[in-house]
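Same order as they appear, the protein sequences are chains A, B and C.
Residues 1 to 134, numbered by the working numbering, are exactly what the first sequence covers, in order.
Residues 1 to 225, numbered by the working numbering, are exactly what the second sequence covers, in order.
Residues 1 to 246, numbered by the working numbering, are exactly what the third sequence covers, in order.
If you're looking for bench data, these hints aren't it; they were derived computationally from the structure.
Calculated pairs, DSS-like style, for lysine-lysine (alpha carbon to alpha carbon, straight line, at most 27 Å):
1) A:81 - A:26
2) B:185 - B:198
3) A:70 - A:81
4) B:84 - C:38
5) B:188 - B:123
6) A:70 - A:26
7) B:188 - B:198
8) B:84 - B:7
9) C:38 - B:219
10) C:33 - A:26
11) C:33 - A:22
12) B:20 - B:7
13) A:70 - A:22
14) C:33 - B:84
15) C:38 - A:22
16) B:154 - B:123
17) A:22 - B:84
18) B:84 - B:21
19) A:26 - C:38
20) B:198 - B:154
It should be emphasised that the depicted structure is a prediction, and the values quoted were computed from it without experimental measurement.
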Amino acid sequence: MSEIQNPPVDRGQIERALARHKDRMKLYLSHCMHCTLCAESCFMYMSRDKDPQYMPSYKVINSVGVLYRKGPGIGRDDLQKMKGIVWRNCVLCTRCYCPVGVDVPAMIAFARGVLRSQGIHPDFDEQGAMESWL
Amino acid sequence: MIVASRKSLDEILGLLGSCKKVLVLGCGGCTSICLAGGQREVRDLCAELDARVRDHGGGLTLHELTIERQCNETFFADADALVKDYEAVLSTACGAGVQFVAERHPALPVLPALNTAFVGFDKGVGWYEENCRTCGDCVLGETGGICPVTRCAKSLFNGPCGGTRSEGTCEVDKTVPCAWFEIHKRLKGQGRLALITKVRPAREWENQTRRSVIQEPYKARYAKP
Amino acid sequence: MGALYAFASGPGVYLAFALFLAGLVVQGLRFYKLTRAKDPLALPPPPAGVVPPASPPARGAGAKKPLLDRLLAAAEAMGRPFDRILGTLCRTVAATHPVMTMLTVTFHALLFATPILLLAHNVLLAESAGFHLPSLPDSVADVMTVLFLLCGAAFLYRRVFLRRVRAITTPYDHFVLVVTLLPFFTGFLAYHQIGEYRTMIALHVVSGEAMLVLVPFTRLGHALFFFLYRFLLDGEYSFGQGRRAF
Chain A
1 MSEIQNPPVD RGQIERALAR HKDRMKLYLS HCMHCTLCAE SCFMYMSRDK DPQYMPSYKV
61 INSVGVLYRK GPGIGRDDLQ KMKGIVWRNC VLCTRCYCPV GVDVPAMIAF ARGVLRSQGI
121 HPDFDEQGAM ESWL
Chain B
1 MIVASRKSLD EILGLLGSCK KVLVLGCGGC TSICLAGGQR EVRDLCAELD ARVRDHGGGL
61 TLHELTIERQ CNETFFADAD ALVKDYEAVL STACGAGVQF VAERHPALPV LPALNTAFVG
121 FDKGVGWYEE NCRTCGDCVL GETGGICPVT RCAKSLFNGP CGGTRSEGTC EVDKTVPCAW
181 FEIHKRLKGQ GRLALITKVR PAREWENQTR RSVIQEPYKA RYAKP
Chain C
1 MGALYAFASG PGVYLAFALF LAGLVVQGLR FYKLTRAKDP LALPPPPAGV VPPASPPARG
61 AGAKKPLLDR LLAAAEAMGR PFDRILGTLC RTVAATHPVM TMLTVTFHAL LFATPILLLA
121 HNVLLAESAG FHLPSLPDSV ADVMTVLFLL CGAAFLYRRV FLRRVRAITT PYDHFVLVVT
181 LLPFFTGFLA YHQIGEYRTM IALHVVSGEA MLVLVPFTRL GHALFFFLYR FLLDGEYSFG
241 QGRRAF
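So here's chain A without its partners, still in its complex pose:
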């Protein structure tokens, strides 16, 4: 069971996953001006005392941004941290505003896909509720 729960990062798999939309994701990452004007469009940001970690930009920088910065050598602990960012801190309601036009939901969906390729995904049952990422 623990093997299924915590296998090492599959380098080949993650490399393929990262390559798939690399150009688009890197364009988006490079064109995020870090201006934080997206913040108020996120209902989670608004309903959680305007905690910066719920800003759409914060979420993509710390998921997709980290994925490309660390590349296939990324550790499983990094991916676990990301799980909280892209599933707990974001419900993918796809309503984020970006003045430049960065497609934040597409980036979150991409990060989720990369995590899924490593067997990391949320569980909505008791087991999931007890997990530390929640």
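Starting from the known structure of chain A, arrange chains B and C on it as the hints suggest.
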């Protein structure tokens, strides 16, 4: 949320027929949250299918992929790239998702692994209850937030049928509370009982034809001469 | 410094503009290659009644709208453009961040207007190319430059002091801001003969060219991609109709 439950393994195997190479497409939306068609359910389903087919000496190549939603093309890039390598797609989305995939890939059999049940909410982990029939003309504002369409066995709009039992349950099933008894109780508690006397004329049931919704700001965009 | 100035103010100008334009073209083509054409009007027409808005079916007796409602609707239909513009603005970031919106609109407008309408630049343009654009008096351009630098300073203030902005600020953000402000700052100093003029004007020319060259392939690329993303791609906030999609 849309709630669904999985079909039996036999039924799914029947749907697969002679297909040997199948993409099992999970949905990260509603069916994932109601524990019917998320990534883990896809994994379990594949394991079960695999075991069953092997028991019978057959061969079945299954590829698991869960995408975030199957009702919006934004999330389809990865699935679209894979689909061509398979003889069929087994989708664990709701009925809308299955049809969306089928429309995208009309040459391919797209099969449902789930039965879409209803729109409802969570009673507890793994327990869901129907609350909305998506009738298209909401009366909850006048019925104390209790839906007579969903909760009355006869979907009555103007008070109970007369079959309410003395303990406030339904004549059809005594374990089911009478919707109109509940509505009365709720409205009375809120001091809004007058609402119950309002007569609601016969409805234009819209669910006879396929419905569309275009939000106000987008109407101009889709209007055609 | 002399040699650098000679290069920067001579072939450097052409080189910088060539790299700037070529970079924009390359990035534009890259965007087109990465995306596919999409015809939003190729969708089958929506069923009758969905568009144009169908009025809700009248319910019961006396479902006719009250007179006041109808009068209001008529007034609305006649169009009150100012209200409509205001109403639209209220639903945008201008309402959530009025100060930042004013800052950024001013900043971007001045970023383009000041150098293009500067008298000195147009004199150079006339001397080398034989034509020039309309120019502003130096005093006006001066005020514009100071305003621009103040907007930049406000951005810096946000980066350093606002928790939410600091949470995602990297050294690269500061670099990009400096790259943008430097040509204006050095130009201002050079014009007012503050510091050594020859050094300052050389720095001005070099930093201006550096900015141009850096635009297409850095974060400044939003100058181009803003239009590609928000006018060509579809979305809730798109100004266009979604003619292309990734």
